[in-house]
Structure formats: structure tokens, C-alpha cells
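**Q** These are the residues of each chain, in order.
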Amino acid sequence: MTIAHDDMRTETSAPEVTTMSMAAALNRALADAIESDPDVVVFGEDVGALGGVFRITDGLTARFGEERCFDTPLAESGIVGTAVGMAMNGMRPVVELQFDAFALPAFEQVVSHVAKLGNRTRGGMRMPLVIRIPFGGGIGGVEHHCDSSEAYYAHTPGLTVVSPSTPQDAYSLLRAAIESPDPVVFLEPKKLYWSKGEVDTSITAEIGTARIAREGTDVTLLAYGASVPLALEAAEVAASEGRSVQVVDVRSLSPFDDVTVTAAVKSTGRAVVIAEAPGYASVASEIQARVFERCFEFLEAPVRRVTGFDVPYAPPKLEHWYQPDVDRVLDAIDTLHWDEEA
Amino acid sequence: MTIAHDDMRTETSAPEVTTMSMAAALNRALADAIESDPDVVVFGEDVGALGGVFRITDGLTARFGEERCFDTPLAESGIVGTAVGMAMNGMRPVVELQFDAFALPAFEQVVSHVAKLGNRTRGGMRMPLVIRIPFGGGIGGVEHHCDSSEAYYAHTPGLTVVSPSTPQDAYSLLRAAIESPDPVVFLEPKKLYWSKGEVDTSITAEIGTARIAREGTDVTLLAYGASVPLALEAAEVAASEGRSVQVVDVRSLSPFDDVTVTAAVKSTGRAVVIAEAPGYASVASEIQARVFERCFEFLEAPVRRVTGFDVPYAPPKLEHWYQPDVDRVLDAIDTLHWDEEA
Amino acid sequence: MQHTDMLPRDTAVRLIDEHGAAVADEQYALPDAETLLRAYRGLVEGRRINDQAGALVRQGRLAVYPSSHGQEACQVGASMVLGDSDWLFPTYRDSVAVIARGVEPADAMVLLKGDWHSGYDVRAHRVAPQATPLATQLLHAVGFAQAAKHRGEDTVVLALCGDGATSEGDFHEAMNFAAVFHVPVVFFVQNNEFAISVPLSRQTAAPSLAHKAIGYGMPGQRVDGNDVAAVLAVLGEAVSRARDGGGPSLVEAHTYRMQAHTNADDDTRYRERAEVQEWVARDPLLRLRTHLTEAGALDAEVEERFAAGAEEIATAMRAALNTDADLDPEDLFRFVTETRSPQLEEQWQLLRGEIERSNLAEAGSASTGGQR
Amino acid sequence: MQHTDMLPRDTAVRLIDEHGAAVADEQYALPDAETLLRAYRGLVEGRRINDQAGALVRQGRLAVYPSSHGQEACQVGASMVLGDSDWLFPTYRDSVAVIARGVEPADAMVLLKGDWHSGYDVRAHRVAPQATPLATQLLHAVGFAQAAKHRGEDTVVLALCGDGATSEGDFHEAMNFAAVFHVPVVFFVQNNEFAISVPLSRQTAAPSLAHKAIGYGMPGQRVDGNDVAAVLAVLGEAVSRARDGGGPSLVEAHTYRMQAHTNADDDTRYRERAEVQEWVARDPLLRLRTHLTEAGALDAEVEERFAAGAEEIATAMRAALNTDADLDPEDLFRFVTETRSPQLEEQWQLLRGEIERSNLAEAGSASTGGQR
Ligand SMILES: Cc1ncc(C[n+]2csc(CCOP(=O)(O)OP(=O)(O)O)c2C)c(N)n1
Ligand SMILES: Cc1ncc(C[n+]2csc(CCOP(=O)(O)OP(=O)(O)O)c2C)c(N)n1
Ligand SMILES: [Mg+2]
Ligand SMILES: [Mg+2]
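Protein chains in written order, with our numbering: chain L, 1 to 342; chain V, 1 to 342; chain Z, 1 to 372; chain E, 1 to 372.
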């Protein structure tokens, strides 16, 4: 992560350091982006007068007008497909798809065009668009409202996929995503929308980089999105049990920051990957496989993963049985061939 | 793979052992399934009079009538969505989606319903349907005609995903898929459609099992679909260089046959996963991660993978640079910490 | 059929006006008094169910409730026009229609309570699971009807969706498949003017949603969705036509979503109270009560009887929903597929271990809450 | 606009009949002779391009070619009605329209030759890449027009698709977005009676595809797609209306795919030769030639000049396509994203190594073919 002042940005809106929720940080990022770049438009279902079902676009239409933030007909392929057309014509659309499962109707547009149009035209047309999706569970949502579909996007060449775990990253990564010349799928962990933290609007984030969220020497936890606070909590408990746990916030699901992650795991010799999505053929499997391959000689034990089960997401009353929790993480850490004598 | 006679089947059509192409084996499987089960219907784009763009459904409408094999309007979500409805009403639809990329419009129906309806209704309604997709490249097809999208399906809980690499498996696995009470995504490697082999129609396949395609003691190649002949070819070359290479045809991409694969890799201590799809967050990463975790103590070297690059599939004239080939496999084998003294 | 016969009228079919007066119509007859009385009872019960569910949400017994308050005429009409062998394909907003079809209220609420994704016996009631992904169920309805037609069964399928859902690609594909394969499906759109916060004007520029029908080669009709008599007549005709091999059709009901989208929504952000207020006068119960009372078919005693019946349903709902269901976390694995794979067994085993630990912990001491 | 004004006519608009005679029309005027002559030249060139491409496929110089033989009036019309600031959104079958818009034939053939996924400068020619996934480009066209409208630019977007593509969900969503946002897009459906092997009757039960327009609140019109005069008049009017702020519209051209879907297809499996034969008499070139000749606007000399021009194009095509392009495998990595990631760099490096080895091997000996 590079920390730098962006001169453009300060022209339109004075940088500030404030404590705010992730939702507020995202809202602020959208507002600042709209303000600083006339090509940015925000649209989707219910993002106008309502301000989005999670209120991330709250006040944007009132402040910037229907021209810059507007509701569309209820059709996700339509939303993404018209965003592709706008990007072809020089705009920077930022679209909201209401929940992971409701992004699926747009999947063809995402895979066959968003991801490929730049390549198809040999760079003649770029796709500087952002697809925002409130993602993951942990909010007691009914079926179709709690899925984690990062694997679908991360597997698709041409797409950049990021997910913040702090309000600061929410702000900085969303600004970076909107400024990126390439298409970004921006996954917002629903569970963290109301978590608070300090946000300095002058900090910029570099997409493609992981962040060391906690230093530690015995084992490395690799996590992203809502699994980062879980990893930090597990690290805290493990610390009380005498283990020094490092936590890496992967942040950029694709491309992947091998440099940071490999160095981290080599330094501890042990690793657990944590993610809420079903584990099979997932981003967690990718991270596990990469770490295994790149750190093989340094590993004291197999890399483990703690993920959601390979079953459909649980109904609200059972979701605590589905979601990875501190105990599962600690159990996984326990299997890492600790020499109890040492 | 269990080899057994299926009495039901022999009633309608005498079992035979013949040499045929994979395309013919698939055609025969469809015909035999239609003949033996009145609930089986085949539909999709161009599957009627034309017999499918790859002629897999050749002659079915002529033989069994429009009632059992028919063309639909050009709409993939419509094809899969109506198949869901038919399955809800007790039928066993077998649908063809013309190419991987043209299956994408149906993705919401696949993920939100095909994969979940059985679970949603606590088994009250099952989804005994088969989605056939000609998959992968190697046939000089233009953009959108050569993708490999198995990761999208394999990652989705509730879906069974299989791919044959021989005419025999094409026949037996397709019969098993149609007989399965659960939804199956059946991926047909286009490149192998015209490859020939012996088919015994009395052999049944058990979904969920891998197959040892070649015995060997030094290293295990794990592959599926069109990568299996590639692995066999590489094994042959390696043999001439003095290495004994085992080849496992994974066949069932989900669920995965850990028993066979783990035993295989433990027996050699070295493994390379081969797949044509982009490698990131893929079925290959899953296999690599699983093998690593389960065989850790037995590994002489890191498990490697040879996959497609993380870029959009190449245009016809460049596809030989994109696709995994014998050299890449041999190079990967070379990295497996061989003690040249031994 | 002449092409233009597929076009809907310029105004919605109405058989009883806002003041309860019968409106003569040359095409559709007013249902008889007995039918209307049955419908009225349905409306009373439907309204009570909506209100009770709202209360249960406020008490935290339901996770969420998309109310059909104001749309009860559509809900009751949709249920009444179907025969025993017919099927209903409802959405999340159609709980009242589902219950009117015979499903126990508590079973209909399983999804919204958060216990499971659907809670009733779909085959026993011939009601598909309530659909959440918009318009997707319309295709299921078509396929279901195709299968019935294939087997020569006497089944008409009634597929429900909202105005917003008509914008989805699946709506289009469902209408088209139904028309091309000429299957016995009736598409019933409850146009309640909103898709969460988005008004109809942002959903379509068409003269009406029913004008879409001709583009598929099927008849479209518009009906006053707050007039249960008209809903019964128009839907009833569409169902009969489908049953008689006349193919699919589209019926658009003009109604209004009187409450917020769900309890999680805040409709003051996007619509004026005055607009909502205007629709109070068009309430489907009000006008039918006036009509039946004036026709001498309804008196205080009957009213009381209906109210008592509705109260009974509400009481049962409360009782059922105030009881915590005995949920088994192993259900997460039990129904994913019928075939059991070692891969899932392995994960299931992990969960079993955690359940055991949790049971032990609970049995041991109330103070150790964790599973570990 | 009256609702019923959005409906198309019962028969397609035709200004020149199959025998070359002008047909009077009260709404659409016959384009002037100069325009028709220009159109005729376009038809001659388009036909020649189609035939040449077919030959190049047989010679193995093109991987595949979806011919618009018989549909040239639509192709040429689509190009001619657009102004310099307008944009065309074509499909795989619209190479002739793309070329008519100024793209070099060889550049238009890059996709079909297999060198890359698209081969022309989209911005220079204001032609989007030819779309393969059906109907997806219609949404791009709408978004493109939205952006133009947002910036107040004078751009009309003409979006092409086939009859089969109208069944896709994206067709529906594109029509609806265009109408709701009232953007300057004209949807032009070339109904050539087939989607690969599937006939129109399996695609729709509607009176015509143009009847879909009213369901979105836009005008629909039908035109004889083999009459370039009618195509120019009807499309021209639609484009003018869009330019003047009148919003989107849908034009359906009735035409016929004279050849197989592509060279890979075998159309004897699904249609009678007699049917194809019937359409020979309706050929777009034939009737315009007769018309112009009878009107004295076309003589042998002009014919010859046009033929020579077309031959020049064909010669250039042959020359260009008989040359193997100098392809760089590193292009696989070069354009994926503008930002370069270490992850891709690593894989790129692997490919570079292979290219080097291959170059060395080639330089070393002709006998060692492999990369290893
Ligand atoms: C495919 C899809 N996209 C988005 C949503 C989120 N969502 C749920 S209800 C709703 C509005 C639906 O409006 P309408 O179809 O008019 O039905 P109503 O709620 O008014 O009954 C939206 C956007 C969804 N459920 N499915
Ligand atoms: C989404 C999608 N599904 C399937 C295909 C395969 N396919 C290519 S062309 C074609 C037929 C298209 O017919 P139509 O729209 O009438 O256009 P035409 O080829 O007749 O010009 C099909 C099915 C595709 N390209 N895209
Ligand atoms: Mg609504
Ligand atoms: Mg066509």
C-alpha cells in the first residue's frame, strides 16, 4: 500500500481524518469520485432516492442530481451491459448489484464483455468500470442474500477483484477501483458495513497489494473481507494461549500479492487460509495452493484452510453453524504440527 | 468405477461392444436413455433436425419424435429455467448449451435453482437434470467458443460436475448422469469428440470416482477431459526419458475422489495437475491444494500445476501458445526435486 | 385470434367500483354472491395474516415480511381461480396466496422466520417454493406446464410476479417459451407501482405491462387489482382458456403496495404519504364489503364470523411463531444432494464434532458458551 | 403518440417490388436515384465480399464466415443511414455493413481469420467490435447512447441483431432500458427466418417481431429487407427520429439467409431447397438493378464500373488474407488489463521463455519442431 497525497483529489474536497463506518466510508468515496471526475456515474437498483438497500449511495442523487446517480429498471444484465456501453464511450460507471446472488443474471456480461473487451480491442477500448456487490453473510439474511461469489470473479481473467476489511481500505480501495483503467469487482462485506474506524481521505491504496493486519511470528492467518476481523479475534485468543499469530489481509483477491504473502508465510512457517465461501475450487484453495507451492521448503506443517462448507448458505437461524468462527480457526492452528516440547 | 450389468438397460437395447468416437458414444448414451426412461427429454438450440452443432443429438428427433428431442427458442436461461420446471414435475431433462460461453446466460438459474432447489425443499423436489456443455478449446474456434468454465460449476455446492476423456466414459458417465437424482453439469471436451475407442454399453460408471489411466511409480499426473490424452502423451515421452509416470483421470470434478487421488500421489511422492482452464482459483488449484494437504508428509517436491494462462482464451492462430502441451508438462515434472544421483 | 385482440384494454377491467357499485362489462360477468362472499372471507383472513405477520416482525419472531397489505384481492383471486390439479408459482410477497391455497401459515413463514429456505410440502399443496430471485420462477412455471402437457395432465400453472420483475430477462424468456410451446400457463403480474423504491415509470415506458403480451403472441389483459370480482373474472377466464388448450396469457393487475417493501425498508424516502393515502380509499376489502352489504349478502353476524375465523388463524400463527423450532444444524448437509459424497461426509463429520462439543458444553456448564 | 401507432403494419413496408417496380407508400418516400445508385453499388460490393469470403473459407484462409448473402440490402442500408458521428453495433454476420462503414475488409476479417478477436480501429470507424454472444451488444449500444446523451453529443446508435437473438433476455433488457431512458438507439433486427437451424416459428409466436416494440413503449416497424429503398426509408426515419430526441425504435427486416449459417453448417438437414429457391427471385440486387435500369439510372457502363470496384475490393481481400499475419504470441498478455500485475508477469515470463526456445529451435534445425 502506497501512502501518498493525490493532488487532484484535494482540489474538490478537502481531505479529512474522521472515524466512520465502512458504509459511510464507501459513501464518501463515491461522493468524492463523482465530485472529482465528471465521467463517473453511479447507478443500479434503488440507489437513487432510497440510497441503496444498505444506504451506501445515500444522498448522492440529492447532491449530484439524477445525471450522476440514478435508478435503473430491475435487470442486472441490463445494468452491467449498459455500463459496458458507457465505458466504451468514455465514462466510468460504478454500478451496484444488490446482493451476490442477484449479480448472477449479469454473469454473461461480466465474463464475456467486462472482462474481455479491453483484450478484444487490443486496448482500443478499456473497461474502467466498477461493479459493487454487498457480499457474504453474517447478517441473518434469507436465502440468496448471503452468498459469497468471489471465486466466480477471481477465476475470470481480465477482472480485478478486491474486498476491504476496514473503513480506510473501503474508502481508499473504492477510489482506486474507480480510478483504475481496468474493470474491478468490488466486494463489500455486508457484515462489516457498520464497523467503524478512522478514515483519512488523503490515503490512496494500490490495488494488488496485501496488508499485514497484525504482526506475529508463529503462524500466519490469510484472510479477506469479513474473515479479517475473525482472524484478528482468533489471533487475540491464540495470543492468550501463548501463540504469536500474524494476520494478513489479502485485500486484492485478483491479482494476488505473492510477494507479501509468501514473505509472511516463510517468516512463520505455518499458515491457515480463512474465507467464508464454500472452499471447493475457491479463492481459498488458490491461496492455499500458491502458498504451498511457493513456501514448500519453509513449511513446518501443511497449510490449512477454514472455509464455509460445500453446501448452500445456511438459513439465518443456522448460519452460525455454517460460518467459520474462532474455534474453527484455533482448531486449524492446533493441527499445524506444533512441537509441544519447544 | 464399478463394472456391472444394468438389467433395466439391457431390456430396451442390447448391450454392445464397438469402437466408436466420443461423439457417437454420447449420441448412443442419449438414445439409450431416451429409450429406457420415458421421463428423459433432450432439448436445446439446434438439437432437433440439425442434430446439434456437434451432431451429438444426431437422429434423435427423427427416431423418437419432437416429444423427446426438440429445439427451443434461442435463450439459455430459458432452456435451463424450463428444465428446472420440468424436473420439478418429475421429468429428467437433458439440455445442451452450445458452448461454455453461451452457457453463461443461464448461470443464475444454475446457481440459484439447479444447485439449490433440492436443498431448499428439503428433498421435496429433486433436480435430476443434466446440463451438457461442449467444453474447452483446441479446435481452432473463435472467441467465446473455446472457454473452460468448469471452475464456476465445481465451486457451486449442489452441482455434480463430470467430464469424460474416453468414449467409454462418455457413454457410461452420461448414462450415470442422466440416472442421477442430482443435477449434473456434463462437460464434453470438444477436442476429443472425434477421438475413438471401444465402448461397451453394459459398463456403468459411478460418478465421484477417478480412474487410473496409466500406471507409474515416479510421478503422478492428475488430469481431466482433454488434458488426459495430453498427460498420457507426456507420460510416454517421459518414459522414453526413463521416468515412470502415473496418470489419473479425475473424471469427477465435483465431488472429488480423494481416496484414489491421495493413494496415487502417496505412492509416487510427486504430482502435477494439468488443466486447460486459467489456473487461478480453479479446479486445478483445488486439486493442487487438496493433494498438498493430504499428501504433505509423502511429497518429495511441491505439487505443480500446468494450466492455461490467466488471460482470455487465445484466438485460433495463437491457441497452441495458450494450451498446456507436452513440453510444459515435462518441464513441470523436471522441477520436482529429482535426485539426479538416485 | 385477430392480432389486436391480444392487446389489453385502455383501462383496467373493473366489475365493482371504489364505492362498491357493480360495473357492467360486456365481456366479463360479475361472480355470483356466494363466490364473492368466499372471496371476502379470504380478504379478511389475508388482511389479518398480513397484519399479524407485521406484528411478529416487530416482535422479532419473523426475520422479514414483505407484506401484501392492499394486494389481498390479487392474492385471494390467484388462489381461488385454481383447481385442485393446478399449480401456483408464487414469490416472496405472495404468502397470503400460498396460505389461501391451504398451506399452514406457520409453514408458509419458515423462510421468513429464518428456519429454512422453504417450509411447506410443495407437492401436497401444489405450490412451488416462494421464489426470491426475481422472474426466475416464471421459467419454472413454464417448464412445469410443459411437463404436464407432455404427460397429458390437466394442470394449469399460475405464475406470479411483480411489476419490477417484468424488466428481467427471465420474464421475457418465460413469456416467449410459453407462447412458442403453447403451454397452459397464466402469468399474473401484480403491478403495485413499486419495485422496492423504484416507481413503475422507471420500470417501463409501455402503455401498460399487459401490452407486452402481443409481442409474444398471447393475449394480455389489465384488471383492477383491488377489485377481487374483476380479478376472479379475468384470471378465471385466462385459466379456463389455458385449460382448454388456448395457451398462455398475461394478466396485469393494477394495485398498490400499501406498506414499505419489507420491514427493512423506509418508504418515506421515496414516496409521498399523500400518494399512499389516496389508495386507502381504493382498499379491496372496503369496496367488497360495501358491495356485499348493499347486496344483502353480508351482515354483522357474517362479518363477525369471518373476523373470528381470521383471528383464529392469527392466533395459530402467533403460537407457532412464538415457539422456537427445534432446528438440526446437520440439515445443512442432509439435503444438498441425494447422493452422498465422501467429500461432504468429511465436512459433515467436522460439524458433528462441533455439535457434540456444543452439547457437552451446554450440558456441562452454562458459563462456557463457545463450541471449542 | 397513440398507443396503436407503435404497432407495425400488418405487412412489411416495401417501396420497390420483386419485379423492380416502385410501390407507392403514403408514409415513406422512395429515396432519390442518386441514393439508390449508391445503394446499388453497395449491394454489388457486398455481394462480392460475401462471395469472396466464402471462397477464402474454402481455401482455408478464413476459419469461418457467416455470410450475409441475400441480406445485403440490410447491410448496406444500415451503413448508409448513419452519419459520421453515429455508431454501429454489429454482429458476426454484419461484416458487409462493417466494411460499408469504411473498415478495411482485411481488418474486418481478423476475427474470422483467427488472428485476433477483432481487428479494426473501433473509434476511427465508429463501429463496435462484432459481437458473438447473441443480443449482448444491444445493451452496449444502449449504454453507449446513454453516455452520448449524457454529454449532449449528436450520436445515434444503430444496433443490429438477428431473429434468433430476439429471444434472449438481453434483447428485452436492452429494449426496455432504451425506452425508459429514451435514448437515441435504433434496433434493427434482420429476420432471416433462421437461427442456425431453428426456424422463426420456433423462435416466436408473435404476429411479427416488430410487435414487441409496443411492449416497451416504442414504435415498431416492419420492412421488406430485400428492398434497399424501403430499408433506407424506414431505417432513415427511425434514425432521424432518434436524432431529434424522439427516442428509440425497433425495425424488423424480413429477409432470408440464402446460405448455410456458416461454412461449418449443413443447411440441407433442416430446410428444403425449394424454400431457398423461392427467395432467389426476391434477391435484393436483382430488383434494384431492374428498377434502376428501367429508370434509366443504370447502364452497362455503370454496372461494369461497379463490378470493377467490387473486384478491386475482392482482390485486396484475397491479397491481404493470403498473407499470413505476423502474429506475436505475447499479445496474449499484452492487452488483458492496462495495469500489469506481477501475477501475469510471471506467466508472461514463462511464455517468453518458450518463444525463445522455439526461435532457437527454428534457427538451429528444422528437424526439432518442439519448444522444449
Ligand atoms: C434477480 C433479483 N434482483 C434483485 C432482487 C432484489 N429485490 C427483491 S424484491 C425487489 C423488488 C421487486 O419488485 P416487484 O417485482 O415489483 O415486486 P414487489 O416487491 O413489488 O412485489 C428487488 C429489487 C431480487 N430478489 N432478485
Ligand atoms: C448467447 C449465445 N447463445 C448461442 C450462440 C450460438 N449461436 C451463434 S449464431 C446463432 C444463431 C443466431 O441466429 P440469429 O440471431 O437469427 O442470427 P443469424 O445468425 O441468423 O444472423 C447461435 C445459436 C451465441 N453466439 N450466443
Ligand atoms: Mg412491485
Ligand atoms: Mg436469423
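It should be emphasised that the hints constitute simulated quantities derived from the structure, not laboratory data. One should not assume that every hint holds.
Only part of the chain L face toward chain Z is listed, based on derived beta-carbon distances under 8 Å [to be verified]: (1) G51; (2) L74; (3) G140; (4) P312.
Some but not every residue of chain V turned toward chain E, in silico, with C-beta under 10 Å [as the list claims (entries may be wrong)]: (5) D46; (6) F64; (7) G123; (8) G138; (9) E143; (10) I212; (11) A213; (12) G216; (13) D218; (14) S244; (15) A263; (16) D310; (17) A314; (18) H320; (19) D327; (20) D331.
The beta-carbon is built from N, C-alpha and C at its ideal position, and this holds for glycine as well.
**Q** Please go over all the hints and tell whether each is borne out by the structure.
**A** Outcome of the hint check:
no. : hint : in the structure
1   : G51  : holds (7 Å)
2   : L74  : holds (4 Å)
3   : G140 : holds (6 Å)
4   : P312 : holds (7 Å)
5   : D46  : holds (5 Å)
6   : F64  : violated (17 Å)
7   : G123 : violated (30 Å)
8   : G138 : violated (13 Å)
9   : E143 : holds (4 Å)
10  : I212 : violated (26 Å)
11  : A213 : violated (23 Å)
12  : G216 : violated (20 Å)
13  : D218 : violated (18 Å)
14  : S244 : violated (20 Å)
15  : A263 : violated (31 Å)
16  : D310 : holds (6 Å)
17  : A314 : holds (6 Å)
18  : H320 : holds (9 Å)
19  : D327 : holds (4 Å)
20  : D331 : holds (7 Å)
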